[in-house]
Amino acid sequence: MPFRSDDSVIKVRDLAVDFANRRVLNGVNLDLKRGEILGFVGASGAGKSVLTRTIIGLLPMQAGSIEVLGVELSKASQAERQSVDRRWGVLFQQGALFSSLTSGKNVEFPIREYLRLSPKLTTEIAISKLEMVGLKPDVYRNFPSELSGGMIKRVALARALALDPEILFLDEPTSGLDPISAAEFDHLLLTLQETLGISVFMVTHDLDSLHRTCDRIAVLSEGKIAEIGNMDVMLASKHPWLKEYFHGERAHNNEIQVPVKGRRVTEKRV
Amino acid sequence: MTAGTLLSGQVTAGGLGLAASGSWTAEHARTLEPLIDHATRTDTTVQRIIIDVTRIERLDTYGAWLIERTLRVWTERGCDTRIVGLPDSYGNLFKKVRAGVGKLTPDKHKRTGIVATLESVGRTMTAVGNDLFTIFQIAGALLVAFLSVVAHPRRFRFTSLINHLERVCWNAVPIIILITFLIGAIIAQQGIFHFRTFGADIYVVDMVGVLVLRELGVLIVCIMIAGRSGSAYTAELGSMKMREEIDALRTMGFDPIEVLVLPRILALIIAVPILAFIGAIAALYGGGIVSWLYGGIDPKIFLSRLHESISIKTFAVGMIKAPFMALIIGLVACMEGLQVKGSAESLGAKTTDSVVKSIFLVIVIDGLFAVFFASIGV
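Heads up: the protein sequence lines correspond to chains B and R, in order.
Take 33 as the starting number for the first sequence in our numbering and just add one per residue.
Take 33 as the starting number for the second sequence in our numbering and just add one per residue.
Hint data in this document are derived by calculation from the structure and do not stem from the laboratory.
Worth double-checking, as some hints may not be accurate.
[Stated by the list, open to error] Here are the simulated lysine-lysine pairs, DSBU-like style, with alpha carbons at most 35 Å apart:
(1) B:Lys275 to B:Lys65
(2) R:Lys127 to B:Lys137
(3) B:Lys137 to B:Lys270
(4) B:Lys168 to R:Lys373
(5) R:Lys128 to B:Lys137
(6) R:Lys135 to R:Lys373
(7) R:Lys345 to B:Lys65
(8) B:Lys152 to B:Lys168
(9) R:Lys128 to B:Lys168
(10) B:Lys65 to B:Lys270
(11) B:Lys275 to B:Lys256
(12) R:Lys332 to B:Lys152
(13) R:Lys373 to B:Lys152
(14) B:Lys168 to R:Lys127
(15) B:Lys152 to R:Lys135
(16) B:Lys270 to B:Lys256
(17) R:Lys128 to B:Lys152
(18) B:Lys137 to R:Lys135
(19) B:Lys256 to B:Lys152
(20) B:Lys107 to B:Lys275
(21) R:Lys345 to B:Lys137
(22) B:Lys65 to R:Lys373
(23) B:Lys43 to R:Lys127
(24) B:Lys168 to B:Lys137
(25) R:Lys373 to B:Lys43
(26) B:Lys168 to R:Lys135
(27) B:Lys107 to B:Lys137
[Claimed, not checked] Some but not every residue of chain B turned toward chain R, in silico, with C-beta under 10 Å:
(28) Val116
(29) Ala194
(30) Leu195
[What the hints assert, rightly or not] Some residues of chain R that are not near chain B, with every Cβ distance over 12 Å (derived):
(31) Gly47
(32) Leu64
(33) Pro66
(34) Leu91
(35) Leu98
(36) Arg109
(37) Val133
(38) Thr137
(39) Gly161
(40) Phe165
Every residue gets a Cβ at the ideal spot worked out from N, C-alpha and C, and that includes glycine.
Generate coordinates for the entire structure from the input sequences, incorporating the hints supplied.
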């Protein structure tokens, strides 16, 4: 896929969203550029999930505009809307697999609905997707209730990738995974970015994951984007919450040599 | 898009050259698959395959898999296969797709024909046996919980009982009154219509009285409660099971039977007799009003006839069944709820089972009581 970093796949302008009778987002401006992995952080309750859910159309917005792949969502017709739905994949925090379908059928579901391929090819593609996210083909026959948390996330990722989307939304993909699985997930994400050239919008609290995978990081605070840029921008920021976040007690990996994306030397930070 | 623009074949010296072009993406996979299949089917004799992908404009996992699949078919036949002109940007994608096995190992457990039928019959029979076992198990656990609560009355969840009573008893009153009133009215109307032909209109009072108080009042109420509250119990306990709430209770040292099941079943045991009584009265009202308006039987005559035809025994026979039926409904509902597995489908199936099984058992118990009362001559 051609890598054009100049254009934005998502453009959010002056977005305002109310949630539970409270203005949670007020004047959010955000761009997701083609082919980048954008990490999205903010305190719990800052409205990260609200923003994600608003972009993917699960929550109504009060003001502003959201343009995805050149389509202004609030003005789009049903058909335009559906064509956008096809071109993004969403990984929910708990996986949100259909519990009455096997893993394989879960992955096949969007393929079956949108592409109408032969059953043979549908199955082959589903298996190929499962293998792409690092699962064995035989997981195809397992029901979600028979899988571990990490496997559920992988199957859900395979389903999100089923239609070869251009944008991938990830809601805390590494939460609830052990550090080794989380690292594998990061690696997987980078591979997918390289192989498929997808743009990724990732809400996460995992500092290691932010270091390893993200091209840029956006910080949500008080209903606005407080800071946006690469890891160096984050570490240099004067924003009090960010200072606490990246230099606080849990930011232990300042000494550990976690490879930072886009940096040649992994010198000691702080 | 025409076929030629996506894939074209050319026989060269000692081999076949395929040239792929255009967009090999998900949207075109439907057109591409037959092309690929056609190519692999027609040229079975060639020894060497070269797929030229230089002119491919876009490629995704779908296109990559289709090319890979073609290669695999020919490799299995012993052909020499090669891809030429793959742009670097797609190299990783291709490697990733190629790394996969792409097929399932055959399912060993799958059976067909008569064996499958026999297997399913066998499984159903053991399921019925297990159900019977589980219901006794729950009944036993309930008895233990009840006795321990009797021994330590402070442990009893009185608030929970009142809450459930409100839901299963108080909130059910309007619908119970409406339904039993209509049933009483319909029985009276049918009775009058048929009895009138041989001048026995007045006996409709006997029929309504005995039928409603002995059998129908409590039966209708139980069927309503099984559908209304039994299903709710199953769904509540089932979704608590799915979200591991029941496991959480257990790890905190609480007995789920005592905390969740006992107040629910006690609430039913209290509620059903009350509702059965209200239902019986409403049905008598329905019968009386229809007898008056449709049959011309004056309310005074209806009441005095009712006094003659029924006794306190008739009423007692109906009421005594109510708590037993309530117990069965509660046990079945809680048993099914606690058996819910991880999926949404299983929650639905168990809720259906709960209603079907409890209505069936209520009717069975009604039959057993009828035999019992007949043999003691009531």
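Going through the hints against the structure:
1. B:Lys275 to B:Lys65: holds, 26 Å
2. R:Lys127 to B:Lys137: holds, 25 Å
3. B:Lys137 to B:Lys270: violated, 49 Å
4. B:Lys168 to R:Lys373: Cα-Cα ~24 Å, so holds.
5. R:Lys128 to B:Lys137: Between R:Lys128 and B:Lys137 the Cα gap is close to 22 Å, so the pair holds against 35 Å.
6. R:Lys135 to R:Lys373: Given pair R:Lys135, R:Lys373 holds - Cα atoms ~29 Å apart, limit 35 Å.
7. R:Lys345 to B:Lys65: violated, 83 Å
8. B:Lys152 to B:Lys168: holds, 18 Å
9. R:Lys128 to B:Lys168: holds, 14 Å
10. B:Lys65 to B:Lys270: Between B:Lys65 and B:Lys270 the Cα gap is close to 25 Å, so the pair holds against 35 Å.
11. B:Lys275 to B:Lys256: holds, 17 Å
12. R:Lys332 to B:Lys152: violated, 78 Å
13. R:Lys373 to B:Lys152: holds, 31 Å
14. B:Lys168 to R:Lys127: holds, 17 Å
15. B:Lys152 to R:Lys135: holds, 10 Å
16. B:Lys270 to B:Lys256: holds, 16 Å
17. R:Lys128 to B:Lys152: With a Cα-Cα distance of about 20 Å, the restraint between R:Lys128 and B:Lys152 holds, given a limit of 35 Å.
18. B:Lys137 to R:Lys135: holds, 15 Å
19. B:Lys256 to B:Lys152: Measuring from Cα to Cα gives roughly 48 Å; hence the hint is violated.
20. B:Lys107 to B:Lys275: Violated. B:Lys107 to B:Lys275 sits at ~39 Å, over the 35 Å cutoff.
21. R:Lys345 to B:Lys137: violated, 60 Å
22. B:Lys65 to R:Lys373: With a Cα-Cα distance of about 43 Å, the restraint between B:Lys65 and R:Lys373 is violated, given a limit of 35 Å.
23. B:Lys43 to R:Lys127: holds, 33 Å
24. B:Lys168 to B:Lys137: Holds. B:Lys168 to B:Lys137 sits at ~15 Å (cutoff 35 Å).
25. R:Lys373 to B:Lys43: violated, 43 Å
26. B:Lys168 to R:Lys135: Roughly 10 Å separates the two Cα atoms, so the pair holds.
27. B:Lys107 to B:Lys137: With Cα atoms ~33 Å apart, B:Lys107 and B:Lys137 stay inside 35 Å; holds.
28. Val116: Hint on B:Val116: violated, closest Cβ of chain R at ~14 Å, above 10 Å.
29. Ala194: Interface hint status for B:Ala194: holds (9 Å vs cutoff 10 Å).
30. Leu195: holds, 6 Å
31. Gly47: holds, 26 Å
32. Leu64: violated, 9 Å
33. Pro66: Per Cβ check, R:Pro66 is inside 12 Å of chain B; nearest 9 Å; violated.
34. Leu91: It is violated; R:Leu91 is separated from chain B by about 8 Å at its closest Cβ, not greater than 12 Å.
35. Leu98: violated, 8 Å
36. Arg109: Since the minimum Cβ distance to chain B is about 18 Å, R:Arg109 lies beyond 12 Å and the statement holds.
37. Val133: violated, 5 Å
38. Thr137: violated, 6 Å
39. Gly161: R:Gly161 is indeed farther than 12 Å from all Cβ atoms of chain B, at 24 Å.
40. Phe165: Nearest chain B Cβ is 23 Å from R:Phe165, so the label holds.
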